[in-house]
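Using the sequences and the accompanying hints, generate a full structural model.
These protein sequences, in sequence, are chains A and B.
Under our numbering, read the first sequence as residues 1 to 404, first letter to last.
Under our numbering, read the second sequence as residues 1 to 333, first letter to last.
Each hint should be verified, as a subset may be incorrect.
[Stated by the list, open to error] In silico PhoX-like pairs for lysine-lysine, Cα to Cα no more than 20 Å straight-line:
no., chain 1, residue 1, chain 2, residue 2
1, B, 42, A, 293
2, B, 202, B, 226
3, A, 293, B, 64
4, B, 142, B, 97
5, A, 207, A, 184
6, B, 55, B, 318
[Unchecked claim] Residues of chain B placed beyond 12 Å of chain A at every Cβ, according to the derived structure:
no., residue
7, 75
8, 77
9, 116
10, 117
11, 147
12, 182
13, 193
14, 198
15, 226
16, 232
17, 241
18, 273
19, 283
20, 292
21, 324
Because the hints were derived from the structure by calculation, they are not lab data.
For each residue, glycine too, the CB sits at the ideal point set by N, CA and C.
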Amino acid sequence: MRSLVWMITVASLLAVTDVPAKQSRKGTAALAADAESAAVNLRIAYLHRPTTRTFFPYFDPPAADSGLQGARLGIEDNNTTGRFTGQIFALNEISVDEGDDPASVFLRLLAEGYRHILVDLPAASIERLSLLPGAEHSVIYDVGSTDDRLREAACSTRVLHLLPSRSMRADALAQYLVQKRWTKWFLIVGRQPSDRLYADAVERAAKRFGGKIVAIKVWEYDFADRRTPEAVIPVFTQGADHDVLIVADEAAEFGDLLPYRSWFARPVVGTQGLVPSAWHRTHEAWGALQLQKRFREQAGRWMDETDYGAWLAIRAIGEAATRAKTVEFDAIANFLRSDQFALAGFKGVPLSFRSWDGQLRQPVLLAHERALVAVAPIEGFIHPRNELDTLGYDQSESVCDAKR
Amino acid sequence: MRNDSNNRETRRGTHGVVLAASLVFAACGSAGADTVYVTLEKDNAVAIVDGVAAKLLKTMSVGKRPRGIALSRDGRELYVAVSDDDAIRVIDTATSKVVRDLPSGDDPETFAIDPEGTFLYVSNEDDNAVTVIDLAKGKQVKRIPVGVEPEGIAVSPDGRWVVSTSETTNMAHWIDRRRLEVIDNTLVDPRPRAACFTADSKQLWVTSEIAGTLLILDVDTRQIVKRVSFKIPGVTAEKIQPVGIRVDPERRRGYVALGPANRVAVIDAQKLDVVNYFLVGQRVWHLEFSPDHRRLYTTNGLSNDISIIDLAEQKVVKSLAVGQYPWGVAVKP
Chain A
1 MRSLVWMITV ASLLAVTDVP AKQSRKGTAA LAADAESAAV NLRIAYLHRP
51 TTRTFFPYFD PPAADSGLQG ARLGIEDNNT TGRFTGQIFA LNEISVDEGD
101 DPASVFLRLL AEGYRHILVD LPAASIERLS LLPGAEHSVI YDVGSTDDRL
151 REAACSTRVL HLLPSRSMRA DALAQYLVQK RWTKWFLIVG RQPSDRLYAD
201 AVERAAKRFG GKIVAIKVWE YDFADRRTPE AVIPVFTQGA DHDVLIVADE
251 AAEFGDLLPY RSWFARPVVG TQGLVPSAWH RTHEAWGALQ LQKRFREQAG
301 RWMDETDYGA WLAIRAIGEA ATRAKTVEFD AIANFLRSDQ FALAGFKGVP
351 LSFRSWDGQL RQPVLLAHER ALVAVAPIEG FIHPRNELDT LGYDQSESVC
401 DAKR
Chain B
1 MRNDSNNRET RRGTHGVVLA ASLVFAACGS AGADTVYVTL EKDNAVAIVD
51 GVAAKLLKTM SVGKRPRGIA LSRDGRELYV AVSDDDAIRV IDTATSKVVR
101 DLPSGDDPET FAIDPEGTFL YVSNEDDNAV TVIDLAKGKQ VKRIPVGVEP
151 EGIAVSPDGR WVVSTSETTN MAHWIDRRRL EVIDNTLVDP RPRAACFTAD
201 SKQLWVTSEI AGTLLILDVD TRQIVKRVSF KIPGVTAEKI QPVGIRVDPE
251 RRRGYVALGP ANRVAVIDAQ KLDVVNYFLV GQRVWHLEFS PDHRRLYTTN
301 GLSNDISIID LAEQKVVKSL AVGQYPWGVA VKP
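Below you can see the structure in the form of structure tokens.
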């Protein structure tokens with residue numbers, strides 16, 4: 001297990017910068033010595049597991065510091081504000097490597113006094129942490145999962161979810177397809193269990209918004225047996241008349257091969273093609289370009305979804321601390337879930353946590369690789385209280401609400 | 001609108017002669033017209049409009065991603081923040097030529113000039129700082145650290161304060177203009193965009209894009225004294241994103257651009273209540289009075305036009321296509 005403390009040194013925070021811009025920025029972020037951490041009054045831990053993803057194109061390898069860079073930028077943002085409020089934040093980054101037990105790391109963090117704990121771990125691990133004794137004295141910020149079960153049947157009042165669930169993503173996509181009147185859907189599902197969950201969300205969205213699933217096929221090829229994509233895909237995509245191919249392939253094992261190879265000239269949407277997501281490099285409206293630029297300057301790469309989730313979590317803590325005018329845990333934890341909480345997430349509307357399942361309500365971007373196509377909720381999909389609640393499990397549908 | 005025909009004649013006489021642009025302005029000026037300068041964020045240009053005749057006169061290239069715009073006190077120089085060129089470009093209004101750059105620091109967005117016309121104060125979004133520039137020397141005097149993503153900036157007419165609002169920190173930072181230091185901070189509603197002092201320097205008006213509110217701050221106590229919300233039938237609350245603010249010198253009426261609500265709110269500046277809404281173009285961003293305060297010009301970012309509001313009639317009289325992503329506006333007599 002490796003641990004790293006990331007913070008802005010108090011000295012550089014208080015320094016009045018008469019120096020040129022580039023220099024002053026570099027000077028603000030630094031690894032702190034123990035002596036300086038004395039001024040820190042809000043400590044946040046971040047548990048993450050290094051990526052184990054095996055399928056990715058050679059030109060697009062996953063970032064080793066995915067999520068971490070978002071958290072670090074959040075800490076820097078909080079501390080810039082903290083200069084004026086006397087609230088100094090620090091991040092303890094803990095890598096849960098192969099063989100490490102997240103539960104024992106989590107319990108040790110609780111024993112060390114950490115109460116705000118970000119986790120980028122598999123859904124099953126997060127569920128386990130939420131059930132540990134002592135977890136009730138913490139807030140667990142789920143910055144990476146999209147799992148609906150974790151927000152529903154396995155939900156916990158201790159967990160807040162920063163990224164949109166699979167159902168929110170599928171609903172966003174469905175709203176767009178229905179608005180386009182592309183309502184006949186050919187659903188292609190990968191072999192992984194997570195692909196089945198994505199497909200479940202698509203099927204649920206079809207029922208909610210009036211999509212018609214005209215075919216469901218499970219993808220079982222691996223091209224090892226001399227069958228080429230050129231040969232397989234046209235045959236595979238024949239059958240019922242459809243408007244779009246919806247692909248559920250979260251690990252990107254085959255979805256990218258579908259466009260331009262299908263039997264019919266139909267667009268590909270879902271986990272590839274037109275993709276619903278929380279954040280995308282093509283998103284520039286509502287000041288998003290500023291966050292994109294700040295992140296890129298710090299990390300030397302584009303902000304990914306986990307970075308955005310982690311940045312949101314840290315900013316949520318910072319915003320609650322600013323508004324509640326305290327770094328005290330209970331006040332922040334209560335404020336986060338209150339009606340007064342409104343987080344600016346560069347998506348044009350205030351973001352807040354749903355009272356019934358701890359999910360951050362937020363717009364979902366629909367983008368292909370090089371352009372943003374739409375932002376859901378799509379105009380016309382209305383809701384009696386908040387249009388963002390047209391995406392995902394609403395209060396009346398939530399089994400989690402009943403448990404509270 | 002009596003001047004309309006005069007202006008038309010003048011332009012006809014100079015039609016097609018590029019060098020005569022300055023003559024047009026001189027003639028329009030003497031006829032009592034407004035020269036309206038509009039930054040076009042996506043066109044990397046400034047549109048020059050005859051406000052009274054509602055005619056686009058010329059579009060001039062100015063540099064990458066122009067946003068904030070203001071005139072010198074004497075109207076001879078036009079300042080344009082060219083964000084992606086990391087400078088404030090100075091344009092001679094007589095010749096419409098770029099004459100020099102001011103060292104604004106990285107990514108300048110908005111700026112304000114003090115009442116004496118000596119110093120210019122710039123928000124540097126990427127650097128969490130306000131840069132102070134000596135206009136005569138064209139040099140940076142100081143950089144003042146503020147919150148994350150400073151956006152709105154205003155100098156009080158009495159010269160006492162510079163206020164910077166930071167969009168992610170959500171504060172109005174009160175900079176003492178003599179000491180050039182932040183001496184107080186007021187927590188405001190999420191994502192504050194613009195700040196504007198009333199002419200008597202007694203109030204500061206601040207818009208919050210995410211909360212959809214206008215906050216009125218008392219300058220003496222630096223506390224919020226009123227929070228104005230907006231309700232428009234048929235427009236959802238999320239669409240109401242207040243940005244630009246103007247208040248008339250007598251503090252009778254204030255005007256607030258409401259972004260994607262496509263409206264300008266009219267505020268009774270004494271009672272601090274909303275009294276009317278003008279329907280303008282899409283995603284209305286900033287606004288500016290004509291020098292005689294008879295008209296108000298608004299930039300409409302998504303419909304690529306400006307709206308012209310007749311303030312005596314209290315109605316929108318014209319919209320005029322100007323180019324892509326109109327952002328800021330400045331008006332010269």
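- Query: Minimum Cβ separation between residue 75 of chain B and chain A greater than 12 Å?
  - Reply: Holds, because the least Cβ-Cβ distance between residue 75 of chain B and chain A comes to about 31 Å, which exceeds 12 Å.
- Taking only the CA atoms, is the gap from residue 42 of chain B to residue 293 of chain A under or equal to 20 Å? holds (18 Å)
- Message: Holds or violated: residue 202 of chain B and residue 226 of chain B, Cα atoms, limit 20 Å.
- Response: Satisfied, since the Cα-Cα distance of roughly 14 Å is no more than 20 Å.
- Classify the label on residue 116 of chain B as holds or violated, using whether its beta-carbon is more than 12 Å from each beta-carbon of chain A. Label holds. Min Cβ-Cβ 23 Å, cutoff 12 Å.
- Message: Need the status of pair residue 142 of chain B, residue 97 of chain B: alpha-carbon distance at most 20 Å?
- Response: It is violated: about 28 Å lies between the C-alpha atoms, which goes past 20 Å.
- Message: With the threshold set at 20 Å, check whether the alpha-carbon distance from residue 293 of chain A to residue 64 of chain B stays at or below it.
- Response: holds (16 Å)
- Outside-interface status for residue 241 of chain B - nearest CB in chain A farther than 12 Å: violated (7 Å)
- Beyond 12 Å from every chain A Cβ: check whether that's true for residue 232 of chain B. Fine: 16 Å to the nearest Cβ keeps residue 232 of chain B off the interface.
- Message: Just want to verify: residue 292 of chain B was marked as not at the interface with chain A; is every Cβ pair farther apart than 12 Å?
- Response: holds (34 Å)
- Item | Outside-interface status for residue 117 of chain B - nearest CB in chain A farther than 12 Å | The claim stands: residue 117 of chain B keeps its Cβ more than 12 Å from every Cβ of chain A (closest is about 24 Å).
- Task: Could you let me know if the closest chain A CB is still more than 12 Å away from the CB of residue 273 of chain B?
- Result: holds (24 Å)
- Message: Quick check for students: does the CB of residue 324 of chain B sit more than 12 Å from each CB in chain A?
- Response: Its Cβ never comes within 12 Å of chain A, the nearest being 14 Å, so this holds.
Hint compliance for this structure: hints 4, 11, 12, 13, 17 and 19 are broken, all remaining hints hold.
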